[in-house]
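Undergrad: Protein sequence lines correspond, in order, to chains V and Z. Note that our numbering numbers the first sequence so that position 22 is 22, with each residue one more than the last. Note that our numbering numbers the second sequence so that position 304 is 304, with each residue one more than the last.
Simulated from the structure, these hints should not be mistaken for lab results. From a predicted model like this one, the values you see are computed outputs, not experimental measurements. Possibly wrong hints are sitting among the right ones.
Stated by the list, open to error - Only part of the chain V face toward chain Z is listed, based on derived beta-carbon distances under 8 Å:
1. Glu9
2. Trp179
3. Arg214
Unchecked claim - Simulated restraints, written as ranges between beta carbons of each label pair:
4. Ala89/V x Arg227/Z: 38 to 46 Å
5. Asp135/V x Ser451/Z: 43 to 51 Å
6. Lys411/Z x Ala89/V: 33 to 41 Å
7. Ser381/Z x Arg195/V: 18 to 26 Å
Stated by the list, open to error - No more than 27 Å apart at the CA atoms, straight line, and that leaves these computed lysine-lysine pairs for BS3-like:
8. Lys340/Z x Lys200/V
9. Lys200/V x Lys341/Z
10. Lys153/V x Lys343/Z
11. Lys10/V x Lys274/Z
12. Lys343/Z x Lys374/Z
13. Lys340/Z x Lys153/V
14. Lys274/Z x Lys113/V
Yeah, the Cβ is synthetic: ideal placement off N, Cα and C, and Gly gets one too.
If you want the building blocks of each chain, they are given just below.
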Amino acid sequence: MRLLLVEDEKKVADFVARGLRAERFAVDLAYDGVSGWDLASTVDYDLVILDLMLPGLAGTELLRRLRQKGKTAAVLVLTARDGTAEKVANFEAGADDYLTKPFAFAELLVRVKALLRRPPAGRAPVVRVADLEIDRLTQQVRRGGKRIELTAKEYGLLEYLAANAGRVLSRTMIVEHVWDESFEGLTNIVDVYVRHLRSKVDDPFSTQLIHTVRGVGYSLGEEQDS
Amino acid sequence: MNTQSLKFRLIGWYACLLLGCFMLLGAATYVALRTSLVSSLKENQLRRARQVAQLLREEIASHSENRVGSEVEARYAPDVNDRFVRISQRDGVLLYISPPPKSQTFDPTTLPPPKWPQSTEGAREVPLLGGRAVLVTSHVLQLPGGVAYLVETGAPMDEVRTELRKWFIFLGAMLPLVGVIALGGGYVLVKRALAPVDQIASSAERISSQNLGGRLPVARTGDELERLSIALNHMIERLDAAFQYSRRFVADASHELRTPLTVLKGELEDFVHKGPQSPDWRDRLGSALEEVDRLTNIVEGLFAISRLDAGEAAAEWVKFDLAQLVSATADQMSLLAEDKKIKLTCQGNVGVWVEGDRARLKQVVVNLLDNAIKYTPEGGSVALTVFAQNGKAVLEVVDNGIGIPTQVLPKVFERFFRVDTARSREQGGAGLGLSIVKSICTAHHGKVEASSTLGQGSRFRVELPRVPATAPQLGTK
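Can you make the complete structure from the sequences, with help from the hints?
TA: Dropping the structure here:
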C-alpha cells in the first residue's frame, strides 16, 4: 500500500509518517501543495492524507484537481478547522474522510485502515480476545465459557475495544464511536462505563483484559502489563 | 410623571420662562401706561394753567384783575369739573382759589402753599390722605415791570389710578390663561421634540440586546437627533468591530494552537508506546498527555463558542422532538448518575418540537446534565423536565446538589468561570461547558437561566422557540 502525506507542518508530517511506516505502509512525503500535486498527479497512490492549509497550493484546490484528473485514491483530509460548512465543501470536492487536529495517531490509523478497506479485526460474527468471546449476531458475551450480562452501552464499548484489540483507543475515539460528538469533552463518561465494564468482564476472573494507558486511553488484550 | 425626566423639567422651565416673560411685560406696560396717563394729565393741566394765565394777563391789561376769579369759574367751572385753580402773587397774597369740588375728592384749602418752580412751568404730585394724590401744575406769569403771578392748576389722580387698576385686573385675569397655554404648549412641544429620542432609545436597546449587526434608522432631518443617531451608529459599529475582533482572535488563537497540540500529542503517544517502559515514565508521560487533552478540550470549546457566536451554527437545521432527545440523552448518561447513586428522573410531554442543530442541542442537554450530576453529592437526585409554555419549549434541569452562591449566579455562563476553583478543577472541567450551553441557546434564538439556593440545589432553565410538530420520522436521527 502506497500512501502520500501532504503536510506543511514538518513535525506533524514526521510523526504521522513514522507511525504509518511502523504499520508497514510505504509513505511519500510532500511539505507543500505544489510538490504534493506533482507527486499525486504522477503516482497512483492508494491513499492521500491531505492537510488543507498548504503553501503554494491549497489543499482543497489540490483535491479538486486530483478528482478532475480522475484519480481515485482515497483522500483523508486533515484540518485545523472544523466548521461544518467547510466540512461539507471538502466532501463535495471529493474528500472521503475528515480528521480534525489535534488527533490521536490511533484515530488516524483507524481511519486510514477503514479507507483502505482493511478492517482491523474484520467483520467476523464472533470476535475472540483471549478467553473472551463476543457474538455479534446475538450480542452475547462469554468469558471462559461463562455468560456475562451487559447493558447496550457496555456491549457497544466492549465490542469496539475488541474490534480494535491490542490497540490503545483514545477516550475521544470511544466517545465518538460509542456515543456521539455531543459527548465530546465529557470524557469521564468513558471512565465510568469502563469501570462498570471491568467489574463484569475482568473482576470475576484472574487475568485482566481491559487496560488503561494513562493519558492515552484504553485497550483490550492480554499482553499488556500495566 | 417622573419628576426627574427631561420632559418634566423642560416643561417646567418652559412654563416658568413664559410666565416670567408675561409678568415682566405686564410690569413694563404698567409703568409705561402710568407714565403716559400722568404726562397727558400734566399736559392738560399745564394747558389750562396757560389759559388761566392768558386770561389773567388780559384782565390785568384792562385793570380788572379782581374779576379774574369769577371769569375763571365762568369759563372753566373747576368745582364742577373736579379741578383746582389757584392764583397767587410772589408775596403770598392769594388772588384766587377755586372752591371745593362737588365730588368732595379734595379740599383746595388744605393743599400745600404755592411753590414757585425753577423755570416758568412745573408739576408735582401732592399726596393726600388715603393714598390718593393730586397733580398740581404751575405756570409763572411774568409781567413787564417785575410783577409775577403764579397760576396753579390741579386735578386728582384718581382717573389715572382707575385706569391702572383696570389694566392690573386685566393682567391678573390673563395670568392663569397664559399659565395654561405655557404648560399645554410646552407639553406638546417637548413631546414632539422628544418622541424621536424615545424611538432612538428603544431601537438602541433592541440592537444591543439582539445583535450588534443592526443599525439605528437615521431620519435625514438635519437636526441634532440625526447627529445623535449617526453618532450612536458609529458607536455600535465600533462595538461590533471590537466584538468581531475578539471572536476572530479566539477563533484564530484556537486554530493556531491545534497544530502544536497535534505534534505534542503524537510525539508523546509514540513515546508511551515505544519509549522506556518503566511505570514511573509512563505515568509522567500520561500526566502530560492528560494536560494535552485538557488543552485540546479548551481549544475545541473556545472554537465552538466563537463559531456559534459568529452565527455559524445553522448548518443542519431540523425539526425534532425535544422531549425525545432529552430522554434519549438521559438514558445514555444514566450510568453516570447511577455511579454516584443519584436518582435521575426524566419527565416530558412528548410533542414539544423545536428546530435547530440536533447535535448542538443535544450538547446542551449533555452539558447541563453532566454539570448537575457533577455537583450533586451521592444519593441526591436530578430531574429533567420538558414542557411547553407560552409558545416556548422549556427544558428544566433541577438538582438537589451543592448549589451556587447567589452573588456568582450571573457569572456561571461566563467563559472559564468557576464557582470554586479547587472543586471544579479536580473534576477536570475546562470551565467552558455552560458558556457553550449559552452560546448554543442564543444561536437558536433561545435563552438559558440559572437559579439556585446554596446547599439545596440548582435549577437550569432552557427556553427555545417551539415549532409545530411535523411527521415524527423527520426529526429522529
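Undergrad: With reference to the structure, classify each hint as holding or not holding.
TA: How the hints compare with the structure:
| no. | hint | in the structure |
| --- | --- | --- |
| 1 | Glu9 | holds (5 Å) |
| 2 | Trp179 | holds (6 Å) |
| 3 | Arg214 | holds (3 Å) |
| 4 | Ala89/V x Arg227/Z: 38 to 46 Å | holds (45 Å) |
| 5 | Asp135/V x Ser451/Z: 43 to 51 Å | holds (50 Å) |
| 6 | Lys411/Z x Ala89/V: 33 to 41 Å | holds (38 Å) |
| 7 | Ser381/Z x Arg195/V: 18 to 26 Å | holds (22 Å) |
| 8 | Lys340/Z x Lys200/V | holds (18 Å) |
| 9 | Lys200/V x Lys341/Z | holds (18 Å) |
| 10 | Lys153/V x Lys343/Z | holds (19 Å) |
| 11 | Lys10/V x Lys274/Z | holds (21 Å) |
| 12 | Lys343/Z x Lys374/Z | holds (13 Å) |
| 13 | Lys340/Z x Lys153/V | holds (18 Å) |
| 14 | Lys274/Z x Lys113/V | holds (21 Å) |
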